[in-house]
Amino acid sequence: MPRIPLTWLADHVDLPTGTSAESVAAALVSVGLEEEAIWPAQVTGPLVVGRVLDLVKEPQKNGKTINWCRVDVGPEHNEELDSPKDPQPGEERPSRGIICGAHNFEPGDLVIVSLPGTVLPGPFPIAARKTYGHVSDGMICSTAELGLGEGIGPETEGIIVVGKGTLAGVEAEPGDDAIALLGLGDEVVEINVTPDRGYAFSMRGVAREYSHATGAAFTDPAERIEGAVGTRGGIPVQLRDESPIRGRAGCSRFVAVEVRGVDPQAASPRWIQQRLAQAGMRPISLIVDVTNYVMLDLGQPLHAYDSHQLVGPIVVRRAHEGEMLETLDDKPRALAPEDLVIADCGGESGDRAIGIAGVMGGASTEVSAETVNVIIEAASFDPVTVARSARRHRLPSEASKRFERGVDPLLPPIAAMRAAQLIVEHGGGEIDHRVTDERVDGAPFLPAPISLAVTDAERVVGVAYTPEQVRGSLETIGCTVEDAGDGELSVTPPAWRPDLTIAEDLVEEIARLVGYDQIPSVLPQAPGGRGLTRAQRARRAARTALAEAGLVEVTSYPFVAPGVLDDLQLPEDDERRRTVRLLNPLAEDEPLLRTDLLQTLLPVARRNLGRGEDALAIFQLAPAFIAREEPTPAPIPGVDAVPAAQELAAIDAALPEQRAQIAAVLAGPRRGATWFGDAGSWDWADAIDAARRVAAASGAEVLVAAAEHAPFHPGRCARLTLADGTVVGHAGELHPRVVKTFGLPARASAMVVAIDALVAAAPAVIAAEAVSTYPVAKEDFAFVVASDVPAAAVEGALLAGIGDVAESVELFDVYTGEQVGEGKKSLAFAVRLRSSEGTLSAEEIRSARERAIAAVDAAVGGVLRA
Amino acid sequence: MLVTTTPPDGAPASAVGDAPAPEISEEAIGRAVEAALAAAAAAATTAELKQVRIEHTGDASVISRANASIKSLPKDQRASAGKLVGQAKGRVFQAVSARQDELAAAEEEAALASETVDVTLPTDRRPRGARHPLTTLADRIADIFIGMGWEIAEGPEVEAEWFNFDALNFDADHPARQMQDTFYVAGPDGAAGSGQVLRTHTSPVQARALIERGVPLYIACPGTVFRTDELDATHTPVFTQVEGLAIDKGLTMANLVGTLDTLAEALFGGAPITRLRPSYFPFTEPSAEMDFRCFSCDAREGLDHDADPACRVCGGTGWIEMGGCGMVNPAVLRACGVDPEEYQGFAFGLGIERILMLRNGVGDMHDMVEGDVRFSQHYGTEI
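Those protein sequences? They're chains A and B, same order as listed. For the first sequence, UniProt numbering assigns the number 1 to the initial residue and increments by one for each residue that follows. For the second sequence, UniProt numbering assigns the number 1 to the initial residue and increments by one for each residue that follows.
Hints listed in this document are in silico derivations from the structure and should not be mistaken for laboratory results. What you are looking at is a predicted structure, and each value in this text was computed from that prediction instead of being measured. No incorrect hints appear here.
Calculated from the model, a selection of chain A residues having no Cβ within reach of chain B, i.e. all distances over 10 Å:
1) Gly117
2) Glu242
3) Gly428
4) Thr721
5) Glu795
6) Ala806
Here chain B is said to cover these stretches of chain A; the calculated rule only asks that three of the stretch's residues, wherever they fall, bring their Cβ under 8 Å from a Cβ of chain B:
7) 22-33
8) 455-466
9) 538-548
10) 554-566
11) 607-613
12) 654-665
What follows is a set of in silico ranges between Cβ atoms, one per label pair, in the way DEER data are often shown:
13) A:Ile845 - B:Ser97: 45 to 51 Å
14) A:Tyr815 - B:Ala110: 41 to 47 Å
15) B:Gly190 - A:Asp14: 55 to 61 Å
16) A:Tyr815 - B:Glu102: 50 to 56 Å
17) A:Glu548 - B:Ala110: 35 to 41 Å
18) A:Glu629 - B:Thr381: 38 to 44 Å
19) A:Ala792 - B:Thr381: 31 to 37 Å
20) B:Gly361 - A:Ala37: 22 to 28 Å
21) A:Ser83 - B:Gly316: 43 to 49 Å
22) A:Gly147 - B:Asp364: 28 to 34 Å
23) B:Thr381 - A:Gly861: 45 to 51 Å
24) B:Thr381 - A:Ala705: 29 to 35 Å
All C-beta atoms in this analysis are idealised placements derived from N, C-alpha and C, irrespective of residue type, glycine included.
So here's chain A without its partners, still in its complex pose (with noise of 0.2 Å):
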């Protein structure tokens, strides 16, 4: 994001000398860019020019020789007499004593000295220091050592000489302030910029901003330059776009400069390199290095060829199919024929594209230091032909990121005019009087005006705005504005505000300049809702019923491998196969989405196994995926209006099935080892316990059946069905090559419910049944059965043939063994007997009990047990 030194700003605007980096973030962040990082000043201390005046060197044991020198720092800064127990070398003069491991200098030479006090980048604080037998009073400095990479020349292998590399051409006297010479006090704020203020990526933009925030003075840099008008004989440009995206031509207008004459030598000024180092950008060559600098100043992103490379006419057009480009960053990359392109009449077959339209360009036309001749393209491009290409080819540029956010299409002949004078001026040649600036139809494409009631600021935002704040708010920002009668205002935004397309944006704007902190706080009364949804309820009784049971909610993500699938045992034919699957995953190797909840519970499971707990009651609440069997990809309509029924229909259809499952897994020892002795361990009855909770809770009554389900234990799985048999989830011990696989404690019991299935079952009123206060009769039973009768038939049996007198039916007891025997248990319930219409007779309890034992013969063969 845009890094704004502050001297620069003030190019652009009134900034007062001593302005921080904390005030202008704060102002620019009330006109809506944020802040991002502030960027201190990288020195501060005494950092100033010295002047070498004499140096010995001394080798030293470990083979290095160093410099012990005598160095004058300015009257302010020099010490009057040496240390007599450390004299420095040469004749005694007022100076400092420093030592320096480098030898691309020597006597004479200005050089830079960091004082103690000093704090360099890293920080890195400088004091007095005994160093090689002598005291060293300062440190004489590398780039490096400043921040400033690695140097020009020989100073890339010792430290920085003034008038040379960084600073040449730089006069100085010792005792200077060399803070401001190589322009390290500056500090700089970085802002965020939202994607619709393309302007804000520019100097000029975000100076205008701090103007609005602030009322300080600005002035627009793009009104101090000339700009290039077009002519005949420049180089040819030819706009062919034959296949526009959504109807837009790729590029509407193509400036092309020529400067001829340039020194190839010349390098750009060491305050461009700065500022370009300072907002982000490494310096390269005085060509790329201005089009880049007029880029960050204006926000017109710029391309320089090489004039000798390029082959005229120039062609903007689509690629061709199969069509290759190798790019600047010396990358060959495959074109697509959405990609708009320049291209040349070079190459092999004449017709030779060198660079994707405000993206990048392309190796074959770059400038090189062997550049005389340059053309300096500013285009207007397409946001949209631009933001594919970048996308497409992943090259977020910085020209990318401007065209994508929309330049101000008035800014190519000034921001090509500025470049080449800039060119001009620090590296010779001239300007070619012929200029080239073809345009479609119609372009330079403005702001269409927008029409504005002066009273809408005030109904969407409710602060009675004055008509001159109405005005003078959106003339401050470029706006024309003129009456258009009956209250209404026809407002042109200005040319580098493209996202000002309906008077809702102009009301934001109205709105930020006059404050938001001028809105004021009004509770609105909604009509009056109906309360929680009785899903939504249903949802938190389930869950705080399994908290009360012992159970800890946690939370997983749904993303799981395809491995899983097979972990759970799950049969080739399972639903829970069909998977969704996602195009670009956090994890290579965890692409789809659960099937079912437990898919990513369990391994929270073994997670918490892995990080010391025994034993594990946990569940959670979240949706399994299921893919539609035949899956179709969702529609996109319009958004003019609402879609059709069928098509929002067609939309629900294409979407994957979304199940609100909740799951336990309940594992090893309910209880470490207690006092009052083993409370046991977690079992498939806790978990088909744990899912009648949960139905209980939901308010849905649900029956209970063995059943053979993955990833159960084919033995110990319970399938839970409503009345009328839709199977609303299972629970029991998992299967032991599951247990195993996932490394839990052995006889691992799990349950996953379909919650909302629950829910819609459950009675939305539950009808209310008398306290009969008649007397209750116990009655006892204990039956033989065969093993493989389910206590539920027994039961079931039981309650249908006592009747209405059957209060309850507990069963209390379950036995095996010699006394009944083999293939055979005994089952005993106890069941309480009442009437609503009387007290019980003997008669009636004796009939009662007959009637049970009966229902018991006829429905499952159970015998009395004597």
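Assemble chain B onto chain A, guided by the hints.
Frame of chain A, contents of chain B only:
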């Protein structure tokens, strides 16, 4: 049925008639009373006291026998003797009864003392469970909206691109769409073009609610959302959002501020102060970032109080960034079948993880998303 082997007190006098009648004099009766009182006082247990009662008030006791002999006295002496013996009897019964209460209380106390347990022993025979604090917090936030008369709406997590982007005025080629860091669902052939994404916000629920329920509409949409951020201390690719949407006649940005103030107060307490900063979202115009005044340091006292520079919650700025908001863009209303000439309103979104981090001081996002039971257990079922 118990069989009683000792005669009850007050059996007929004839059963013990063989002892000589005692003298009925103040002195003799007084001696008997003193003896009885001394014996009662000396009894150390209720069992001993029972013996004392039999000895001193039973049929064979001096007082009982004296009482029995009154009827054989000359008539003129009966009244004074009766009074004397009656008073004596009363004193003895009262003393025995008082002693009985004393001894019973002492014995009960001793018995209870002997049953003392160590109440600091672990009592959790049943393990205690816990809710995840994120879901608890989401419930609390939902309750705040319910309290304002709003409703809670939900929608699918795998969402159509149309609902997630197009209906919300995200142009397919606009940089804002790219900035969402979207997970795309693969099409049937494993390639692009499914038209489906993992929803990047809960705003598609707003679009669905506008279409399904119409206006006026006041809803909050809590739910899981997805962005392709790597998990680190402050980011998670799967997180929880709650968004609010109010569409009605005449709603303004001032109503947005009022709603945010109410929410800030309910979540963090204190004087609600919110701040809006200009921003950009495709689905709102005007748009804003919302900041809540720090609830932790001095800044909470008001705008005239400086923040603590070392405040861990606001970082010394006095403000906490809470999320985005704004007035719903007319294009969104049109796409959802609402006439923007008649209805307008506002929307806002907050991250629940962030609220939990700030409000409860959670230091690391990993703790919230990894499913470690110790993280949930710490909070129990209330936060």
